[in-house]
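Now for the letters of each chain:
4 protein chains.
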Amino acid sequence: MRKIRMGMIGGGIGAFIGDVHRKAAALDGQIELVCGAFSSDPAKSKESGKGLFLAPERCYGSWQEMIAAEAKLPADVRMDFVAIVTPNFMHFAPAKAALEAGFDVMSDKPATFDLAEAKELAALVKKTGCLYGLTHTYTGYPMVKQLREMIAAGKLGKIRKVVVEYPQGWLATSLEKSGQKQADWRTNPKLAGASCCMGDIGSHAENLAEYVTGLHISEVAADLNTFVDGRLLDDDGNVLIRFANGAKGILHASQISVGEENNLNIRVYGETGGAEWHQIEPNTLQIQYLDKPTEIWRTGHGYNGDFAKANSRTPPGHPEGYLEAFANLYRNFAGQIRAKLEKREPSAAELDVPTIEEGVRGMAFIEAVVASSAKNAAWVKLD
Amino acid sequence: MRKIRMGMIGGGIGAFIGDVHRKAAALDGQIELVCGAFSSDPAKSKESGKGLFLAPERCYGSWQEMIAAEAKLPADVRMDFVAIVTPNFMHFAPAKAALEAGFDVMSDKPATFDLAEAKELAALVKKTGCLYGLTHTYTGYPMVKQLREMIAAGKLGKIRKVVVEYPQGWLATSLEKSGQKQADWRTNPKLAGASCCMGDIGSHAENLAEYVTGLHISEVAADLNTFVDGRLLDDDGNVLIRFANGAKGILHASQISVGEENNLNIRVYGETGGAEWHQIEPNTLQIQYLDKPTEIWRTGHGYNGDFAKANSRTPPGHPEGYLEAFANLYRNFAGQIRAKLEKREPSAAELDVPTIEEGVRGMAFIEAVVASSAKNAAWVKLD
Amino acid sequence: MRKIRMGMIGGGIGAFIGDVHRKAAALDGQIELVCGAFSSDPAKSKESGKGLFLAPERCYGSWQEMIAAEAKLPADVRMDFVAIVTPNFMHFAPAKAALEAGFDVMSDKPATFDLAEAKELAALVKKTGCLYGLTHTYTGYPMVKQLREMIAAGKLGKIRKVVVEYPQGWLATSLEKSGQKQADWRTNPKLAGASCCMGDIGSHAENLAEYVTGLHISEVAADLNTFVDGRLLDDDGNVLIRFANGAKGILHASQISVGEENNLNIRVYGETGGAEWHQIEPNTLQIQYLDKPTEIWRTGHGYNGDFAKANSRTPPGHPEGYLEAFANLYRNFAGQIRAKLEKREPSAAELDVPTIEEGVRGMAFIEAVVASSAKNAAWVKLD
Amino acid sequence: MRKIRMGMIGGGIGAFIGDVHRKAAALDGQIELVCGAFSSDPAKSKESGKGLFLAPERCYGSWQEMIAAEAKLPADVRMDFVAIVTPNFMHFAPAKAALEAGFDVMSDKPATFDLAEAKELAALVKKTGCLYGLTHTYTGYPMVKQLREMIAAGKLGKIRKVVVEYPQGWLATSLEKSGQKQADWRTNPKLAGASCCMGDIGSHAENLAEYVTGLHISEVAADLNTFVDGRLLDDDGNVLIRFANGAKGILHASQISVGEENNLNIRVYGETGGAEWHQIEPNTLQIQYLDKPTEIWRTGHGYNGDFAKANSRTPPGHPEGYLEAFANLYRNFAGQIRAKLEKREPSAAELDVPTIEEGVRGMAFIEAVVASSAKNAAWVKLD
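Protein chains in written order, with the working numbering: chain A, 1 to 383; chain B, 384 to 766; chain C, 767 to 1149; chain D, 1150 to 1532.
There may be inaccurate statements among the hints.
To be verified - In the DSS-like style, the derived pairs of lysine-lysine whose C-alpha atoms are separated by at most 30 Å in a straight line are:
1. C/Lys1147 - D/Lys1530
2. A/Lys46 - D/Lys1152
3. D/Lys1339 - D/Lys1326
4. B/Lys427 - B/Lys560
5. D/Lys1193 - A/Lys340
6. A/Lys44 - A/Lys3
7. D/Lys1492 - A/Lys50
8. C/Lys1075 - A/Lys292
Hints in this document: simulated from the structure, not taken from any laboratory.
Work out the full structure: start from the sequences and follow the hints.
Dropping the structure here:
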């Protein structure tokens, strides 16, 4: 038995999401960071690695160099997988190279820059047989998993309506002009892709709705907006959604909703029950019925199902947060790698990590809402 | 000085909203119920009046009879105004008759059965010079008025986005088949009009959004649904909305959202601030800013503006509810009548009651969402 | 059938609680105000009555005059009961006089100025056979009644612990020096009695705890405080409590807890369940269990018991507030009077109004906490 | 630069708090676990270490062996500090041995088995000059630190009243009879000390109240209870508290409050402001004022002070929970060790970890409440 070894692409000094990935990977003591190509600037990459207490020789000047060098290391030394934490435009190329070199991949979302890349990557994952995980963090929360399990078991009856929201307010002003790094690349179509708001957070909402309900969105009618002058991509959007089973709904996301922090939330209504969950208070799941009192289900209790239990660490009332949800993805993914090392089938809990299939659906969603909005909110189908 | 005298049309034994109107009218001691035509069945009307301690001779067998008889009574005895609390299809005719007989009118919403009637009524109000009030109850809450005042004063900056919701769950099953009176007429196109959900509660959401923001909805793209088998009208609907000033938004209403009681709520986002209000906890108004802590404004405090203060009765922490909001409409309307009796101009607070103009806008909204949905959610303008 | 006729003692122009009593009495259309002695100043009393649209001859110059004059009026004209809404020192004398003249009495709380008066009044109620109601408003809420019913039915098991709180912040500064009327008399030992905070609101907390649990507080250890310089009575107090059944608890009340509005709340823990209720959001009752999700019980639902149902007026989600709770006391009390008029037994719902027995217990509580605090929080028994 | 090296005493397979310590230490990538004496059973200790991927030779059979062996290792290999995560009775001896061998110590709370041990340990810390940290986890939350900073800056004015609560429900039944390990030792006076409820969680409440206000509790009047038949220690307690500055308050803790998870919370009222914080929703801090709207301060915002900022990792709306609060203690403590390695003064943020002084105060509190309760809640001073 040993820790699973991770190499990181991106996430140098000053980056936001790379640090989150590292903390999430470290939390459960199953994964160790052994190498990285933290920046496209070799000096900055090495400086970043030093601050992470890495051996200097494994702080690489580029991800190409890292993949090549690690592939040559002995099996008991080299990294097991790469974590890709770069901006969107730089997801596909390193993922492709890693898969082709036989490394498993854990990638930040959205999977790629556009749908075509995502489909190509899906084919490559299939071809290589390597593992691919996608960090749709919010499906990592225990009570999201509990809701998914309850809906799958029919506790709410046939689903009729879904309301999923993701309002934020941090881009209500032209923050990108101040040089703020996170705002800068997300609002740049060359780095972010066809959409800012829908690509960055609308796709989380789409993923959450599909994960929780087990349903697929079949078509969308989208009214995307750019409220901040001079911005090149959408910073807000309102979408009517229809599911393949006949359910209807609303998805809206925003980065200009002043005062909203990171308010992803979902409400689901079936024929016999309803449910509500908020990311900001993630350990509470509200379940509603036709004719009896509403129930408050909470993380950590024995009455929860297997998936909720497998993805929490502490007794009820010890709040688990964003990093724990993120860590669930990493721990489950590490379990898949360990299963491979141990030549056994991974468990259902280990397999509970978003895959390239969710990546493809996310890119299809982004392209559909952009296309619909360009046609004045005409309905556009997701392939 | 004397109490203002009210005659009621509808609201007999077993009715829901008539009783609410009576309690609302009674609360502040400004209005007394003096007569009524409580049912289309004369015996039931008289029986109802008896239970309300009315003089038998003023419990009329029909509203036609009441209007005719009251008009002949001495000025110091006859009713000052009629309250119309019948189902939608029976709003226009008694309102018309009352106005033509010189009586002021307070009507339940929506104003009429269709838009054409509403426009005719608006013309009649203008012609007769009588007062007309419409009980869009939810604008009666102090914190709704506070928000309106703050937005008008520019506290949130130019408005960009509005999310207004009105989910209920009481029609999630085919309740109308059980003979439940409220469900029965609301789902009957001959009694309710072109829409059930949007007519009954969607129009409240529309009214709230316009009241609070001071903006007009200019066009809608609506996806209305009928989830319960055999139902003849919509029981749910999702609507993209655009305002005349360029603001965008979402309006959704539902009667099949299991577990939702009467969850009207609104969020408004401007360039520099945001706000959130929920009818279910109506004494709290949340105000958000770009860069400082969110504030909780509450009913009853000295820091509130004139309209909030004029419409609350108790110190902070003594919850005022639905009946108080309803009573605000009646008390303000009674103030208008009293101003007329006293031959003075009504105050701004007295004038703060929805008029036939809001009634016309509401009917235009209902017809627009129905038309849009019939065209697969194509955009339809409100006249 | 006719309305029940009320005469009021106190509650002139500018008074707070008198207006609340009038609105509460008016809400349900069962009671009419027919006369009053609104002030110890006859001119002010008459002026107050005029604003209430009363006949001038029934606006009396003193309560002595009112009781004498009304007693001489014909049975079909004279008041049925008096509502006493004066400061504490002026509760006993008019109540005594009214009872002796054969009038039923509804009194604001606390019942009297001291315990001796309360015991004398209890004897008088018994002797005269008149009805006596005490407006411990907060037991009028539907969900308080629901909790009482559930505890009585054993749903929480044997009660072990009670935490009841009543923090306010309005006396955090020396408001009485500004001439504010409510602050002035409450902090004056000659008008308020032995205690300010404990008498005014601590006694509500005591009453709520005993009403909900059906248990009696047997002894108290109290640490009362006066935080504002120059104030003559307590403005805060912390009390350990013990119940006769062996349950333990905490009661604290405060008028100097800055930012607290009127935050009466209670938590009760039994062997198999727990409960929590807050006056500020009174339509929600939380029920907790050993091993299943917490439940949210809400006003207006069919699943509630008879008492909750009998004391609410609107469907779920139409908030009922302080005035409705207050109105429940008046409507139930009016039912008792009507039962007497109809020579029938009052129903359980009609009898659900605090009596002079609760008044005696409240006064005993106030004297016990004052005595305990004077002995450095030594235990003092309630007789 | 290198990671700080931790050796662990206790925390073998099946232990609860040891795993929490490991995750907390791992989260920020500053500390690595290098050795351990995980159990008093050598085989179990080695098995535990194997599951943690440790080198077999550094999985020791006893803590005595570990301290002796590690002391002999080269400076660039041996552990820097020990983490003590055993039950209360086994805190003092290994802490003493470690300090005497020159190792820094991070200990679970309460510091020792009784007050005498705590005082001896304090003397030893002073004598050896080693670092000592105590994991009063709940002071690790960013918004607790924000409140402390605001109170210290006088934002609430002079403090008058503190209400601190810590209800749990997990010991409402005789869980210890089922063999549940956590219940077993906590209710055993030989392993837990003089108190169960007050020792385990009441001391957290005491520490939180003193940390946040900067005040010292000077005396207590305590009514401790044992509600579950056959239990040897208290499972509930209600305490009147007085602070050295004249402030008053209430502290209560419970393990039999059915339905309460881990509901530590505190309310503080000063002359000009108030505050409220709940561990279960730890990223929200409510601040109240005399005459303006209540404010909601939240983790992660730029408006927070230095200590809140130094102890959070993610942007607003990405909930940080219990493990992050715990990790703050470890990261700050690691900073102190690093400062020593780097021969520099530790920063204010690094020094923000509970010390043996808080440990002594906690033990004094426990002994005082036990003594007071034995005297029927007479006042007992804390030394």
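Results for each hint:
Restraint check for lysine 1147 of chain C and lysine 1530 of chain D: satisfied, since their Cα atoms lie roughly 25 Å apart, inside the 30 Å limit. The suggested pairing of lysine 46 of chain A with lysine 1152 of chain D holds, with an alpha-carbon distance near 17 Å, which does not exceed 30 Å. Between lysine 1339 of chain D and lysine 1326 of chain D, the direct Cα distance comes to roughly 16 Å. Compliance with the 30 Å bound is thereby established for this hinted pair. Proximity of lysine 427 of chain B to lysine 560 of chain B is assessed by CA-CA distance (about 24 Å); at most 30 Å being required, the pair is judged to hold.
Taking the CA atoms of lysine 1193 of chain D and lysine 340 of chain A, the gap is about 28 Å. The hint holds against a cut of 30 Å. As the CA atoms of lysine 44 of chain A and lysine 3 of chain A are separated by approximately 27 Å, the hinted pair is consistent with the 30 Å bound. Restraint check for lysine 1492 of chain D and lysine 50 of chain A: satisfied, since their Cα atoms lie roughly 20 Å apart, inside the 30 Å limit. Of the supplied pair hints, the one linking lysine 1075 of chain C and lysine 292 of chain A holds, its CA atoms being roughly 15 Å apart against a limit of 30 Å.
The structure is consistent with each of the numbered hints, conforming to all of them.
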